[in-house]
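Given only the sequences and the hints, what does the whole structure look like? Please build it.
From first to last, the protein sequence lines stand for chains A and B.
Just so you know, we're using this note's numbering here: the first sequence kicks off at 2 and counts up by one.
Just so you know, we're using this note's numbering here: the second sequence kicks off at 6 and counts up by one.
Hints listed in this document are in silico derivations from the structure and should not be mistaken for laboratory results.
Even glycine gets a Cβ: it sits at the ideal position worked out from N, Cα and C.
Warning: the hint list may mix true and false statements.
Estimated spans, in silico, between C-beta atoms of each pair [what the hints assert, rightly or not]:
no.: 1; chain 1: B; residue 1: G55; chain 2: A; residue 2: F6; range: 42 to 52 Å
no.: 2; chain 1: A; residue 1: D31; chain 2: B; residue 2: P280; range: 31 to 41 Å
no.: 3; chain 1: B; residue 1: T407; chain 2: A; residue 2: R27; range: 44 to 54 Å
no.: 4; chain 1: A; residue 1: L5; chain 2: B; residue 2: T190; range: 40 to 50 Å
no.: 5; chain 1: A; residue 1: D31; chain 2: B; residue 2: R517; range: 12 to 22 Å
no.: 6; chain 1: B; residue 1: A443; chain 2: A; residue 2: L5; range: 48 to 58 Å
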Amino acid sequence: MLHLFYLALGLATFAALMALTNAVDRWEQD
Amino acid sequence: MDALLLATLIVGGTALLSLPLGRYMTWAMDPTGPAPRRAGLERLFARVAGPLGHEQQGWKQYAIAMLAFNALMFVVSFAFVALQQHLPLNPDAKGAVEASLVFNTVASFTSNTNLQHYSGEVSMSYLSQLLSLMWLQFVSAATGIAALAALARGLAGRPEMGNFLVDLQRATLLVLLPLALIVATLMALGGVPMTLSGAASATTLEGVQQVIARGPVAAFLAIKQLGTNGGGFFGPNCTHPFENPTFWTNGLSMICILLVPMCSVWMFGRIVGRPRHARLVFAVMLVLLFGKIAVAVWFETAPTQAFAALPEVEQVAGNFEGKEMRFGTPYGSGPLWSVLTTCTSNGSVGAMHDSLNPMAGLMPMVGMWLNATFGGVGVGMINMFVYIVVAVFLAGMMVGRTPEYLNRRVEAREMKLAVLTVLAHALFILVGAAVFAATPWGRDTLANWGPHGFSEILYEFSSASANNGSGFEGLGDNTVPWNVATGLVMLLNRYVPILLPLAIAGSLARKRRTAESAGTLGVQDATFGAMLLGTILLVGALTFLPAAVLGPIAEHLLFAQQS
Chain A
2 MLHLFYLALG LATFAALMAL TNAVDRWEQD
Chain B
6 MDALLLATLI VGGTALLSLP LGRYMTWAMD PTGPAPRRAG LERLFARVAG PLGHEQQGWK
66 QYAIAMLAFN ALMFVVSFAF VALQQHLPLN PDAKGAVEAS LVFNTVASFT SNTNLQHYSG
126 EVSMSYLSQL LSLMWLQFVS AATGIAALAA LARGLAGRPE MGNFLVDLQR ATLLVLLPLA
186 LIVATLMALG GVPMTLSGAA SATTLEGVQQ VIARGPVAAF LAIKQLGTNG GGFFGPNCTH
246 PFENPTFWTN GLSMICILLV PMCSVWMFGR IVGRPRHARL VFAVMLVLLF GKIAVAVWFE
306 TAPTQAFAAL PEVEQVAGNF EGKEMRFGTP YGSGPLWSVL TTCTSNGSVG AMHDSLNPMA
366 GLMPMVGMWL NATFGGVGVG MINMFVYIVV AVFLAGMMVG RTPEYLNRRV EAREMKLAVL
426 TVLAHALFIL VGAAVFAATP WGRDTLANWG PHGFSEILYE FSSASANNGS GFEGLGDNTV
486 PWNVATGLVM LLNRYVPILL PLAIAGSLAR KRRTAESAGT LGVQDATFGA MLLGTILLVG
546 ALTFLPAAVL GPIAEHLLFA QQS
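Printed below as a string of structure tokens:
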């Protein structure tokens, strides 16, 4: 169970990085 | 004298070797012209990449593809390590790995850091070492090379930056794999084990039964050095006699540590079409590298203060504590290796960094803080690009002209992204070190108190944020807080300093090309080189000097007062 939590933590970090990429792109388009 | 001669031979020899290899790496990563054999290879890469392999990507698509691929690698490798006790290739019956340690280990190898809170020979099965960790050593290094190629294409003014999955295959199959095969063969010939048999058992002269760990070490060692990964097959890394048996394997390792980061500079220069600019950047990196080597060697020729109170210990030849004598000179495996491995974000260890004299121990930290004196494969040059943007902007402001880089105007937007990149690195190190120094999360894991203890904490976060992976040691770092905090720092500061520079390159690529005039800032003359050097030192000093004063500098002054 704890392993799944840490796996989710890693994936959440990648999701946050993708969100950052989108945010920078939107900021550049403005 | 021996140390500086050795440094000149290793660094100079590798620089010479990097010239033809840099040319080859450019051919591998950025093919131009319709060579028929190469066209067939390119079609194969595109086919392997699937439906996405044929599209040309802008910076955002390239970055998303990179993140998605790395996330997938994280999941697959996580599964291999977490389930290793149920999987084959485990002749020594290695058991389950604790959950936070799995997270830290997989984050570490995905991010090309190879910070190790475990000992390979104790915790990892051969399947985990080969299919999870070594696989990540290849693809994480290839990710860095691919990102640099994309950045350079953007700066060359191409609106499309290439295709990540195709670039990844080029970097893995055409650059890293052939080099790794050559180096692994040489290492095996040099005495490094290469076997899938389990640990050997021997009876000592005293009649005691001894278990001797071994495994596919040569394969692991080659890519660990070439890909600036640095993770050891064994816990003691390259101080272990099976991972670095002789003077010659030691020299070969140091060459491999520097080689691909040096080639990356030449590749960048060729793709942007400015080889003279690359020569200048290379020279600035060399000046910084030799500066750090000279300081580290100088302070390491002094005796260690740890033995100062022991009158019977003679230390006329300098600080021998934590060094491997089989490498011929204590400076070869000590300050020289420690500077090379931290300047390049490699992180493999050839001596005990905790045992270096305080000011010698500061140099590895400086290497990780600046993180651009050759740096990691691909990403070191990307970090240097960020410093170049800052330097160009500062130079433009100083002379009252619009800053330009490679015929494109550098404006507030690019500058904001560059400063964010620099600040992110500082933020992860300084905030992390402050929190762990102030709480039991860090304090309860220290082996030393005072400035040295602070250095241990500061080093760990520096290593994680710079994706270096070396350990100062003296720190009980296999705890849940350390595993989680450094795991997150490694992942975040692996990709943020790739994403933001890619965004800068994408932004510059969209701008109209400006014609060069008498007022254009030349980025290939010595004046700009001095400006770039000054910018790196200024930004580094302003950001990290206060923390250095609390750690190694305070310790040095305390020792000076005592002696």
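Evaluation of the provided hints:
no.: 1; hint: G55/B - F6/A: 42 to 52 Å; in the structure: violated (32 Å)
no.: 2; hint: D31/A - P280/B: 31 to 41 Å; in the structure: holds (37 Å)
no.: 3; hint: T407/B - R27/A: 44 to 54 Å; in the structure: violated (26 Å)
no.: 4; hint: L5/A - T190/B: 40 to 50 Å; in the structure: holds (41 Å)
no.: 5; hint: D31/A - R517/B: 12 to 22 Å; in the structure: holds (19 Å)
no.: 6; hint: A443/B - L5/A: 48 to 58 Å; in the structure: violated (31 Å)
Hint violations for this structure: numbers 1, 3 and 6, all remaining hints satisfied.
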